[in-house]
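A.B. asks: Here's the letter readout for the chains.
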Amino acid sequence: MSAVELSTELSAAGPSAGEPRETLSALRRVMAAVTASRPGEEARLGLGVASLDQALGGGLAGGALHEIGPAAPRDGGAATGFAVALAVLALCEGRQAIWIRSDFAAVEAGELYGPGLALMGLSLQRLVILRVPRPRDGLWAMEEALQCRAAGAVVTELMGTELMGDDGDLTATRRLALAAGAGGGLGLILRHQPCRAPNAAMTRWEVASAGGERDGFGGLALATFAVSLTKNRHGPTGRWRLSWDHHERAFVTAAVVTPAVPAALSLPVAAAPRDRSSRPRPFARAG
Amino acid sequence: MNDAAQRLGLRLGMPLADARAMYPALAHPGLVAAGDETADRRLLDAVADWCDRYTPLIGLDAPDGLMLDITGCAHLFGGETAMGRDLLARLAREGLHARAAVADTAGCAWAVAHYGDASLVPPQRMRAALAPLPAAALRLAPETVEALAELGLRQVGDLIDLPRAPLAARFGEILVRRLDQALGRLDEPITPRLPLPSYVAEQRFADPIGLERDVLGTIARLAAQLSAAMERRQDGARLLQAVLFRTDNKVYRIEVGTGAPLREASRIVRLFADRLAAIGEACDPGFGFDMVRLAALVTERSEPVQAALAHTGRAAPGEDAELWHLIDRLGARFGPRRVTRLVPQDTHIPEFAVAALPAAARRTNAQQQSASSVLFSPVLEDEAQDRTRDSIGPARPIRLFERPEPVEAIAEVPDGPPARFRWRRVLHVVAIAEGPERIAMEWWRDETGQALTRDYFRVESSDGLRAWLYREGLFGRETPQPRWFLHGLFG
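Listed in order, the protein sequences are those of chains A and B.
Numbered according to the numbering used here, the first sequence spans residues 867 to 1153.
Numbered according to the numbering used here, the second sequence spans residues 20 to 510.
Hints were generated in silico from the structure; no laboratory data involved.
The beta-carbon is built from N, C-alpha and C at its ideal position, and this holds for glycine as well.
Certain hints may be false.
[What the hints assert, rightly or not] Covered stretches of chain B, going by a simulated chain A footprint (3 or more residues, C-beta under 8 Å):
hint, segment
1, 156-169
2, 338-347
3, 358-368
4, 444-453
5, 478-485
[Unchecked claim] Computed Cβ-Cβ distance ranges for the label pairs, DEER-style:
hint, chain 1, residue 1, chain 2, residue 2, range
6, B, Ala-81, A, Glu-959, 52 to 62 Å
7, A, Thr-1037, B, Thr-90, 51 to 61 Å
8, B, Ala-296, A, Thr-1037, 14 to 24 Å
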């Protein structure tokens, strides 16, 4: 809504200013129009692969929550690599990445290694790492970090059964999604174990390491992921093979394993609900 | 020694045998307890903590005294006499017997508190108050007091008007200095036991408060006062302390550090809210707090930033401040050491190549770091550029195990790449391996001379797993049976 429109609506409400109730409701309408979510207008993070971006409706939604898990336990490295790549893409505006994990996660899955992250394109000057004593603390920290406008990407590693389908989990992930909407950063939940429980994440990715990429001399080539989009709120799912070009900091051509659903079906089945805005409403904290 | 012992005529420093000779009943072991100096010291510290409610400037006068500088504080308690009475009454309620004296100099107050009976010495009356006191009231060594007594100089009054030069020559310079200090001819600063805050705001309550909400509300009000004061002098706080005085005289000190100078009241309150949440039960309000003090212990100059001009295309200054605030809050909740940044180090040993340093300390470290990296170590990014020329894939893993995980590997001797390896009970067949990248340990770090050379291989298994393996020890030269480890995982 532009300022001009706003003022005309307000002046239209002007003559009835004698009745405060009417003025109020007019103002409420204006505010509702201003604050309502309009799908498609949120920042989209183009992944650089046409078929994938099309499936995502123009790119990965910024200011939203996404979930990344390994296809099998041994794919932890690949899932981490994919999360790092997405974080690098989200950091293009000089913001910072916040990486949250519990003490035990570092022992089990390995510590984040700075030189490797730098090689992937994630500058160490733009990465803050938080170690939390208990996994649940990580969710609190993630919500706080997502609300911060300086955080371009917030990655939280979840070790085990957190957010795996308990009753409160939908609420918890919804809170995270709202926080991401408030701060505008990319929220990434990085699981160490495959999980399919429902939650409020916008998309869910299962990542496996895809071998076989060779460079011109037969050596190891770009990091390559066999990515499967298993949940997508506003579009079809599918499977892709993505290579991360860490020099250009972009995903590059990768063969589509399963075509991303024919074009006829790629229309949204139902319009995104307007009443359930993915932008935050002011809500009171309990307690 | 308690009051009963004092009534019997026992004195401090009297040998136990003498006391038993006077009162044979003391032979009973239950009646005599060994002195515990550390416990005494702790008690004195606790009392000093508590006295903080009167003035921030408190010096310890070991083993059994405290010096309070109440300059400019007394009127808050209804004058010096009332303040002294209040202090003694509160201590007496805790079962502590104490004596207090107020005077213009620390020396005079000490003398009167220990040997006199007045509680307040007016400025013009110091000489008169000191004169009848014994010479020991000047804080002299016992030998000096005895030597003076032999000459018949038993009271301070005997000493005041004596010629100073012979006095100093005979009994040492200390005697004259103590005399001057007591009379105010010589300045005697009190050494504060705690750092003095640059900015302080405090609030007292007639009715104690106990709810966390009330405490935070109070801190918010105090923070607004601090903020206004800091604003005037363009300072920002780097270390803040909230002191909660419980009605039963326990004192909690809660500190939060900040990564960047901070003077916004709302952010200060949020930091304390997080800190209180992290402390939880350990800060027990009991019957409530009757005083809350907020102090900025460490401050730094903080110029106001004009948003429109300072915006240079990188992160907006507002975002920068928000990031610092986030780091501070996470630090307040989980401890500053848990919020880290990775900083490249000057070594080629993989596990030491980066160090996780507290993010809040980055500003100071950044300067040293840049200096050292220019001199010694290649900048990490440049190093990355060089490495990529021999292979397209990243040369370093994104995850590194703190303890390299032992694997069973089959490899050609002496230095061939692994053909297959078993990691976490799963057998991986190596499809392609690159290496070795030989990394020798740094002898200047290696105290025992036992560290073995490592040959690193980047391998990809037939199912796509990319791992960083190394063989520890050169076959034949360093070890007959090299062992294999998995050190990291690639993306």
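A.B. asks: Determine for every hint whether it applies to the structure shown.
C.D. replies: Taking the hints in turn, this is what the structure says about them:
With a threshold of 8 Å between beta carbons, the proposed coverage of the segment 156-169 of chain B by chain A is violated, since 0 of its residues qualify and at least three are required. Only residues whose beta carbon comes within less than 8 Å of a beta carbon in chain A count, and the segment 338-347 of chain B has 7; three or more means the coverage holds. A count of 6 residues in the segment 358-368 of chain B with a Cβ less than 8 Å from any Cβ of chain A is obtained; the coverage claim is therefore met, three being the minimum. With 4 residues bearing a CB less than 8 Å from a CB of chain A, the segment 444-453 of chain B meets the requirement of three and the coverage assertion stands.
Counting residues of the segment 478-485 of chain B whose beta-carbon sits less than 8 Å from any beta-carbon of chain A gives 7, enough to reach three: the coverage restraint holds. Judged by the Cβ atoms, the range 52 to 62 Å given for Ala-81/B and Glu-959/A holds: they are separated by roughly 59 Å. Hint check: Thr-1037/A to Thr-90/B, Cβ distance near 56 Å, so the stated range 51 to 61 Å holds. In this structure, Ala-296/B and Thr-1037/A meet the distance hint of 14 to 24 Å, their C-beta atoms being roughly 20 Å apart.
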